[in-house]
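Here the protein sequences come in this chain order: A and B. Heads up: the first sequence at position 64 corresponds to 64 in my numbering, and the numbers run straight through without jumps. Just add 279 to wherever you are in the second sequence, counting from 1, and you've got my numbering.
It is possible that some hints are incorrect.
Claimed, not checked - To give a feel for the contact side, a few chain B residues facing chain A, derived at Cβ under 8 Å: (1) Ile-380; (2) Ser-661; (3) Gly-896.
Unchecked claim - When the alpha-carbon atoms are kept at most 20 Å apart in a straight line, the in silico DMTMM-like pairs for lysine to aspartate or glutamate are as follows: (4) Lys-275/A <-> Glu-822/B; (5) Lys-533/B <-> Glu-568/B; (6) Lys-533/B <-> Asp-555/B; (7) Lys-275/A <-> Asp-829/B; (8) Lys-275/A <-> Asp-820/B; (9) Lys-835/B <-> Asp-820/B; (10) Lys-533/B <-> Asp-489/B; (11) Lys-835/B <-> Asp-910/B; (12) Lys-466/B <-> Asp-499/B.
Calculated directly from the structure, the hints in this document are not laboratory data. This one's a predicted model, so the numbers in the text were calculated from it and none came from an experiment. Just so you know, even glycine gets a beta-carbon here, dropped at the ideal spot from N, CA and C.
Each chain, letter by letter, is given below.
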Amino acid sequence: MAPSLRTLALLTRKELRDAWRNRWFLLYGTAFTVLALGLSWLGVTGVARTGFAGAGRTAGSLVNLVILVVPLMGITLGAQAIAADRERGSLLYLLAQPIDTLEVVLAKFLGLTAAVTAALLVGFGVTGMVMAGKGGFEQAAPFLGFLGFAVLLGAASVGLGLLISALSARASMAAGVALFVWLGLLLLGDLGLMGTALTMKLEIRHLLAAALVNPLQVFKLGALLVLRGGLEALGPAGLFAARTWGEQLVPLLASILAAWTLATVGGTAWVMQRKGGLE
Amino acid sequence: MIRALPLLALLLAAAPAAAREWVVSPDGPLRTPQEALARAADGDLVRVLAGTYAAPLAVTRSVTLQGEGWPVLDGGGRGTVVRIEAPGVTLRGFVVRGSGISLDEEHSGVSVEGPRAVIEGNRLQDVLFGVYLRHAAASVVRGNQIRGKTLALGRRGDAIRVWNSDGTTIAGNRVHGSRDVVLWYSKRLTVRDNHVEQGRYGLHFMYCDDATIQGNLLADNSVGAFLMYSRRLRLVGNTIAGNHGPSGYGVGLKDMDEPRVADNLFVGNRVAAFLDSTPREWHGSATLEGNLFAGNDIGIRLMPSVRRVDILGNSFVENHEQVELAGGGGDPGANLWRGNYWSDYAGYDADGDGLGDVPYRSQRLFESLLARRPELRLFAYSPAAQAVDFAAQAFPLVRPQPKLEDAAPRMRPHVPAGAPTLPPARGGAAPGLAAAAVLVTAALLALPAHRTRRRRQGSPACAPGHPPPELLRIRSLPRGSAMTEHPLIEVRSLSKSFGRRTALADVSFTVHRGQAVALWGANGAGKTTALRALLGVMPCDGEVAVGGFDVRRQGKQARRLLGFVPQEIAFPEMTAGEALELFARLHRAPLDRIAELVASLGLEGELEAAVHGLSGGRKQRLALAVALLADPPVLLLDEATANLDVAARRDFLELLLELKAAGKTIVFSSHRPEEVLALADRVVHLEGGRLQPERPPRELLADELQPDLAPPPGRTAAAARAAAPPTPLPAAPGGRLALHHLAKETRHGS
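Only chain A is shown next, with the shape it has when bound in the complex (with noise of 0.2 Å):
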């Protein structure tokens, strides 16, 4: 049966607020907006003394800090979401009203990404008004661009983070598994990879397959491509990307990501309407 869309604009809305009076999720997000601020502060005002900083550097340090945050609070948050409602009865509760299992997952999903979206907004729009104050970026569609990849990852993330709790029987291990999984995806993957390569002495494009498969990597292409024109700083991967599929890549880039928040999703519900979304 196809989800009724005021079931989940409410069960959205519930999710939401569950969001914002979480305390983990407040720490994120004022974690977030705080180094964020920070770190364009010194990018646009200069370092060292010098009263000079590369725009590549302010990006650098924004597309660093992202893939820091924002897939730990998606995946955390997500992992949370399942595992801790079914121990504390709340999802049986919820299951037990005229709602399908799709709608609470589909609601938990979009509660969560609209959350994780605010936090992302609010820390990249006062960064966003300070920048622009100080004359730190002089165009708003690579912000806008780099913002929407952000939201992206974000919503992967959460899509993960929702599978993860899925599929664990405890939101103890749902939460061990979640921190897993961000290091795996954060250093684990990118350390095996880089290993492979000069052990294997992979070729690029096979080395740039095999990362892509990482939404982090995805999202730091995008990130990359859309605040500096380009993707020369990344050598020759990079360079191959951009030529291999010019004009193209950016919308590559962000149905990978867009790919990846189906497929965790869908498999999300999946895993529900198999286990009854009570095991």
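Please build the complex by placing chain B on the supplied structure of chain A, with the hints as guidance.
Structure of chain B alone, referenced to chain A:
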């Protein structure tokens, strides 16, 4: 005196004629510059007043062409607009526009093929090549504004091209959106105070010895300045910023001898300085001194062939990679690094001489890996790269050889004076507006979190003093439902396993309208599983129908007929009022119903309280209120009194009795025999997931109410019960006596 007159006449005849002045105006008498040039002689001044004049214009006399009021020379999109063939021509104050677009024929705004030309203060617009000097030694191109055609970069021409024109000066020009500024085969050039932006090569030098490049701003091009095959070239006091692209260099030095690159600002380039085969000759040298490299992807990239370069007193500030030795390895001592500032220097200056007391060594592991496998740069800007460097610091075993050593690093950066300042941001209000829009969107997203609560507080449905309504309404059956002809709940061959454990095995039972049915059994008997199966919230084998709706295929319709009360309601982030409003909306119940139920169930004053802060009894009343919001015909209760104290249990049970009396169908699980006896008409008895033969509640629970809970040693429980005097059971029907039993418990403080 008279004898002197012939001599005077001879001198006058021999002297050149006095320079004449010609005025060109759309109103005549000379209407075109061409007409004036046809009459003019060498040395004449041709003043051209404001107006638009058709080109091409060929200048074959050594005249000065002076535009006044920005006259326009319009080529109409064909060929070269102004062609200067005579020596010593000055062209000043014109708008030159509309050249052709042939790269082969090199269509230009101004083409100069004579020496000592002065092209000054003109505006060149929509031209393929801007100013093209061929064999025009000692010419001056000064103070012009040049804007190329809006074409793809590869199809544009050069803003300024200097070819075989020694001693030429290019100064104070503003070039925007062209291809290159090219200077080839010309000695002793001076290039100063120009701004070249958004092109390909800001400056491109080949075979230009003894040139001076000073005070220029080269920004946002693919390459700031690429200097090749030249000797003794001085690049001093320039600002070179934001040059990006596949070969994005601030400055490139290739096969250069004795170049001096000093006091320049290199900011935000991909590679600030690139050196290849420099110096070219064995005994040659090269110097980079006093420059600032800040915020570039790479500060300096040195190809393996680069040796004997003195890199002195520069400041390397926050470049993503301060120095790259392309190709890896190399000899760290091939070049001299001394007195530079390094923003990643971790040493100290104990003697206060402004120089670090320990050498600066550049030996990041990730950079070392990049030198071996450049494609690993894909992982730049990611925490994995930083982790690699951290590992190298923690474990010296994997630390690479230093690629350079600066024995006396500066402790403070040095910012060269005199270089042009970076242009201010040109974004206008758009970035600020975009950021403001982002903040507004964030506020809109956050709004629902607060809107619900505000609206509920203002809702008349929740106003205190609302008349207590009738709590116990029986809803009419949904149309199409088979409720009246069939049992309200039908369970057939219900089975469920969790792994190897069987929770329910082939269980079948029915519940008719108005009945209260207890699910009875020990822990693990399958009561909760059966209730969840009735709710349709977990997959199981068999069939479950509520009001004729299959709970798995038509779960929503089935659950609209059910109100569920769990052991404990848990919504830690919500208040009681928010929970009631949310579920009322989910059930599409009128909001007035909230106030009715709040009054009936005595929840006034609790609406603002967090759900998790309510007492057990209040929580269960809230759960009952939620269950009754849509006035469903069936209530399912899963050990709803398990967490309540005796008084709360009694109150809750009284509520259930009222509901039963009002005709609600109730299915509940409980461990408490007195509740079952008080409420249940029938008992579904489960043992190990299997349905036991149905017996009347009083008969089934008789054993449970025997006072001797533990048999004496050597006697079985059954034998003990047989020996004990019979205990009167609470009276049935209606369970009122059972409630008295509970009330007595309360009074005795149990």
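Each hint tested on the structure:
Evaluation of the Ile-380/B hint against chain A yields a violated restraint, the C-beta minimum of about 24 Å exceeding 8 Å. Interface restraint check for Ser-661/B: the shortest CB-CB distance to chain A comes to about 6 Å, inside 8 Å, so the restraint holds. The beta carbon of Gly-896/B comes no nearer than 17 Å to any beta carbon in chain A, farther than 8 Å, and the hint placing it at the interface is violated. Simply put, Lys-275/A and Glu-822/B have alpha-carbon atoms about 17 Å apart, close enough for the 20 Å limit, and the pair holds.
About 18 Å separates the Cα atoms of Lys-533/B and Glu-568/B, which keeps this hinted pair within 20 Å; it holds. A hinted pair counts as satisfied when its Cα atoms are at most 20 Å apart, and Lys-533/B with Asp-555/B qualifies at roughly 5 Å. Restraint check for Lys-275/A and Asp-829/B: satisfied, since their Cα atoms lie roughly 18 Å apart, inside the 20 Å limit. Between Lys-275/A and Asp-820/B the CA atoms are separated by roughly 13 Å; this keeps the pair inside 20 Å, and the hint holds.
Distance check on the hinted pair: Lys-835/B and Asp-820/B sit about 19 Å apart at the alpha-carbon level, within 20 Å; holds. With a CA separation close to 16 Å, the supplied pair Lys-533/B and Asp-489/B stays within the 20 Å bound. Between the alpha carbons of Lys-835/B and Asp-910/B the distance comes to roughly 15 Å, so the proposed pair stays at or under 20 Å and holds. A C-alpha spacing of about 27 Å is found between Lys-466/B and Asp-499/B, which places the hinted pair above 20 Å, so the restraint is violated.
The structure shown violates the earlier hints numbered 1, 3, 12.
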